[in-house]
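Use these hints to put chains R and F with the ligands onto chain S, whose structure you have.
So the chains spell out like this:
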Amino acid sequence: MDYFLLYSNCVLVKGAHRATLCDLQKGAVYFIPKPLADLFLEDQAVDLVQLREKTEGDMVLFLMEIIDSLVENQLGFYTNQQEWKRFPALNKEWLFPAHISHCILDTATGRLDYFTESFVEQLSKLCCNFVQLRFFGIPPIEHLENILRLITGSQIKSVEILMPWNTAYESGCTYGKWINDYKKISSLVCWGAPSTCVVKEGARAMGYLLYTSEQINAATHCGIIDQGMFSTNITTYTESLNFNSCLNRKISIDIQGDVKNCPSMKESYGNIGDTTLVEAIGKPGFKKYWNITKDQVSICKDCEFRHVCTDCRAYLEDPGDVYSKPLKCGYDPYICEWAEWSTHPLKQKGINFYGLEKPAF
Amino acid sequence: MIVIHSQQDESTTDDVLDWLYYFGMEQVKRVNGTNPINAKALRINNHTQHSNLFDDAESSAINAYWYRRGHLACEISEPIKLGYSGFVTYFEKEYDHLTKGISQVFKQYRNINSFEDTGTNKLTNLAVAAGVDLLIPDTLVTADVKAIKAFSAIYPRIITKAIGHNRITATIDDNSYINIAVDTAIFDQDKINALPEENNFLPAVFQEYLEKKYELRIFYFHGQVYSMAIFSQLNEATKVDFRKHDTETPNRCVPYQLPEDIEKKLGRFMQHIAMNSGSIDMVVTPSGEHVFLEVNPVGQLQWLSANCNYPIEREIAKFLLHDS
Amino acid sequence: MIARSESERQKTINEFLDWLDAHRENLPVNAATWTFQYIEQQAVPEHELVSLGKYNARKAASISFYKPYSKICKF
Ligand code: SF4
Ligand code: SF4
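Residue numbers (this note's numbering), protein chains in the order written: chain S, 1 to 361; chain R, 1001 to 1324; chain F, 2001 to 2075.
So that you can see chain S by itself, here it is in the shape it has in the complex:
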């Protein structure tokens, strides 16, 4: 047993100062100190003989203890070179059969009148089965229920809904009723609520009712980078290796009805009033962010979270550089610390550029 081998769905991601070990099967992230990370061969195995030879006295013990604990936590196992051959690295392909994987629809008025049967058919043709509705104004009950009924009978697998909280719907038990009646709702988030809480716990990421006291009344609130939103799974990991973690296969319609890659972007590819989704996607430039991977983004490329993190190309630290780090990320991978982004001196340029100084409400 002269090798330590990681299980191939536990992947090592090296950062500037430390590494993460991302357990893609069980969805957990562990930290690995740099000296140990540097010892990995092909990011998969540690030659234990070499470790003992090349490392100084105390360090050997320290590193061996970490490796022992990795074995104990079932992240890897002791093996020999012979057996290592039987455990190939994970296939790096992104296996997600969709021309458009998800769709964001924004409305300021509470109405999405273009959401008709023929619109759902357009999504269907693009293999788009996941939809997010972001209401910045209160949707009339009848209107939203029409939309939900369309979704119920369609190919759409799940829908996430964001909408303003209001007293009348609360006292009418409307939110709870929607969650119960429409099983395709993964989560219904009501913003501007009296408190932030989980009102109804769902199961396996479906059927959640959540209240937040935050005022989320415009697309400018988007682009948050937060550990709570990291997703540790094979689909996210392989997508981040090959494509942009946020914008790949995304389509959106902003509050004006403009078809965009993301609602916060400037570039519009036509209005939903007179353009089909397929036409918009076919226009030059629509996919221009799809291939920007985390490994190409400055600072992120040195970050140990880059394959579980989300990304944002709409709000950048340096608005003039498409490869710039997301503006709303407060993490510094060189010192491994999180800070508040909105007050950071280096962020002020970006904040001014996007007009995010004042609270947006």
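Keep in mind that the hints were calculated from the coordinates and are not lab data.
Be careful, since some hints might not be right.
Listed below are the simulated DMTMM-like cross-link pairs for lysine to aspartate or glutamate, each with C-alpha atoms no more than 25 Å apart in a straight line [as the list claims (entries may be wrong)]: (1) R/LYS1100 <-> R/GLU1294; (2) R/LYS1149 <-> R/ASP1138; (3) S/LYS183 <-> R/ASP1009; (4) F/LYS2054 <-> S/GLU145; (5) S/LYS125 <-> R/ASP1009; (6) S/LYS92 <-> R/GLU1260; (7) S/LYS85 <-> R/ASP1281; (8) F/LYS2059 <-> S/GLU121; (9) R/LYS1029 <-> R/ASP1009; (10) S/LYS14 <-> S/GLU93; (11) R/LYS1212 <-> S/GLU83; (12) S/LYS14 <-> S/ASP43; (13) F/LYS2059 <-> R/GLU1026; (14) R/LYS1265 <-> R/GLU1289; (15) R/LYS1029 <-> F/GLU2048; (16) F/LYS2059 <-> S/GLU201; (17) R/LYS1122 <-> R/ASP1096; (18) S/LYS92 <-> R/GLU1315; (19) S/LYS85 <-> R/GLU1263; (20) F/LYS2074 <-> S/ASP332; (21) F/LYS2011 <-> R/ASP1173; (22) S/LYS177 <-> F/GLU2046; (23) S/LYS177 <-> F/GLU2048; (24) R/LYS1213 <-> S/GLU65; (25) S/LYS266 <-> S/ASP318; (26) R/LYS1318 <-> S/GLU93; (27) S/LYS125 <-> S/GLU279; (28) R/LYS1149 <-> R/GLU1208.
Frame of chain S; chains R and F with the ligands shown alone:
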């Protein structure tokens, strides 16, 4: 037209459909559940027109067929069932013949599995596996207590399992039943000693207990082989039978590269039993030997593709599209 | 459907086990390793199932997207 025989809640079928739609194929007919053959018409002549086998899917327009799950069955009415028992026995045999015939017909299309594969025999499969030089566990099928005792004396431990079907539904009334799981279990000395030698038992399967480094789940599909190692030894709950899922600490499941000779033997095995796709269970012993256990024509696939990031569903779709 | 009371359930199970014991020697020789589960059918009513349009699928629960759609609020 691609015809898929499945069940309404079978998610691998959904995943393959994702790929078919992605490749632009909309001519798909998914038939779910138990399909009574009463209303089907099978016509056999020199032009091989098999009319009306799956509702409106004109059989002449079928380009590919995938049997995933579900049944072809003949519905025999209650009064007949409650009548003279000889009738039912006769009808069951008679329509089993027709069911097999229909399954055979589908094998003439480009196909993945057929309903007939569900009748594959675990005992003869062991013999076939041994015949192509795959290692198999020493196996005894008997009800003879003396034979079991003699068998158990050769090995430190033996296990037992069902001969072919591992679930009994003991009906209590219309809306309740007792589910009996006949899973792989250690058959220890206490249990053996408790067996009276004079008896009228029914037979069961006994096998030497194999120490495992890990277990393998292998998906064989028209010559392609996808293997996964399951580190079931890490969890007490799954040591004997990894299908007993431990949801708290799921077993570690990772891609595995079979030795070339084993892969070849498995290919020969599948050819011998004439099954073009199936999920094979194997065990790797501490000394590195690969031991064959069984093949299941309708095994779980998501488990494999999701943990190993294998493009299995895509490849199935491509096969159905004549693109591989 | 009204679920059975605990005692009624236990009685059913006991009756079943007694029956097994009485016929032990006429059952498969490994019957001592069987495991049991008493199940009251609570099949999800048809209208509670999630249907997937052209997929012709009906399932107890649908699946969620694998990552956040957009990053507009924290939870
Ligand atoms: S690019 Fe930024 S603003 Fe646009 S959806 Fe992604 S996170 Fe939100
Ligand atoms: S630097 Fe920030 S945005 Fe970039 S990968 Fe790390 S956490 Fe994510």
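Consistency of the hints with the structure:
Simply put, R/LYS1100 and R/GLU1294 have alpha-carbon atoms about 22 Å apart, close enough for the 25 Å limit, and the pair holds. Our distance criterion of 25 Å between C-alpha atoms is met by R/LYS1149 and R/ASP1138, whose separation comes to about 14 Å. Restraint check for S/LYS183 and R/ASP1009: satisfied, since their Cα atoms lie roughly 15 Å apart, inside the 25 Å limit. Between F/LYS2054 and S/GLU145, the direct Cα distance comes to roughly 21 Å. Compliance with the 25 Å bound is thereby established for this hinted pair.
For the suggested pair S/LYS125 and R/ASP1009, the alpha carbons sit about 23 Å apart, so the restraint of at most 25 Å is met. In summary, the hint linking S/LYS92 to R/GLU1260 is supported, as the alpha carbons are separated by about 23 Å, within the 25 Å threshold. A distance of roughly 21 Å separates the Cα atoms of S/LYS85 and R/ASP1281; the hinted pair therefore holds under the 25 Å criterion. Between F/LYS2059 and S/GLU121 the alpha-carbon distance is near 21 Å, which keeps this suggested pair within the 25 Å criterion.
A C-alpha spacing of about 15 Å is found between R/LYS1029 and R/ASP1009, which places the hinted pair at or below 25 Å, so the restraint holds. For the given pair, S/LYS14 sits about 20 Å from S/GLU93 by alpha-carbon distance, which is consistent with the 25 Å threshold. Distance restraint check for R/LYS1212 and S/GLU83: the Cα-Cα separation of roughly 15 Å lies within the 25 Å cut-off, and the hinted pair is therefore satisfied. Proximity of S/LYS14 to S/ASP43 is assessed by CA-CA distance (about 9 Å); at most 25 Å being required, the pair is judged to hold.
Proximity of F/LYS2059 to R/GLU1026 is assessed by CA-CA distance (about 21 Å); at most 25 Å being required, the pair is judged to hold. Using a Cα cut-off of 25 Å, the hinted pair R/LYS1265 and R/GLU1289 holds, with the two alpha carbons roughly 14 Å apart. With a CA separation close to 24 Å, the supplied pair R/LYS1029 and F/GLU2048 stays within the 25 Å bound. A hinted pair counts as satisfied when its Cα atoms are at most 25 Å apart, and F/LYS2059 with S/GLU201 qualifies at roughly 20 Å.
For the given pair, R/LYS1122 sits about 20 Å from R/ASP1096 by alpha-carbon distance, which is consistent with the 25 Å threshold. For a cut-off of 25 Å, the pair hint linking S/LYS92 to R/GLU1315 stands: about 16 Å separates their Cα positions. As the CA atoms of S/LYS85 and R/GLU1263 are separated by approximately 15 Å, the hinted pair is consistent with the 25 Å bound. Between F/LYS2074 and S/ASP332, the direct Cα distance comes to roughly 20 Å. Compliance with the 25 Å bound is thereby established for this hinted pair.
A distance of roughly 14 Å separates the Cα atoms of F/LYS2011 and R/ASP1173; the hinted pair therefore holds under the 25 Å criterion. Between the alpha carbons of S/LYS177 and F/GLU2046 the distance comes to roughly 19 Å, so the proposed pair stays at or under 25 Å and holds. For the hint pairing S/LYS177 with F/GLU2048, the CA-to-CA distance comes to about 14 Å; that is within 25 Å, so the pair holds. At most 25 Å may separate the alpha-carbon atoms for a hinted pair to count; R/LYS1213 and S/GLU65 meet this at roughly 23 Å.
Distance hint between S/LYS266 and S/ASP318 is fulfilled; the C-alpha atoms sit about 16 Å from each other, no more than 25 Å. For a cut-off of 25 Å, the pair hint linking R/LYS1318 to S/GLU93 stands: about 17 Å separates their Cα positions. This hinted pair checks out: S/LYS125 and S/GLU279 have alpha carbons roughly 13 Å apart, not beyond 25 Å. Distance check on the hinted pair: R/LYS1149 and R/GLU1208 sit about 12 Å apart at the alpha-carbon level, within 25 Å; holds.
Hint compliance for this structure: no hint is broken.
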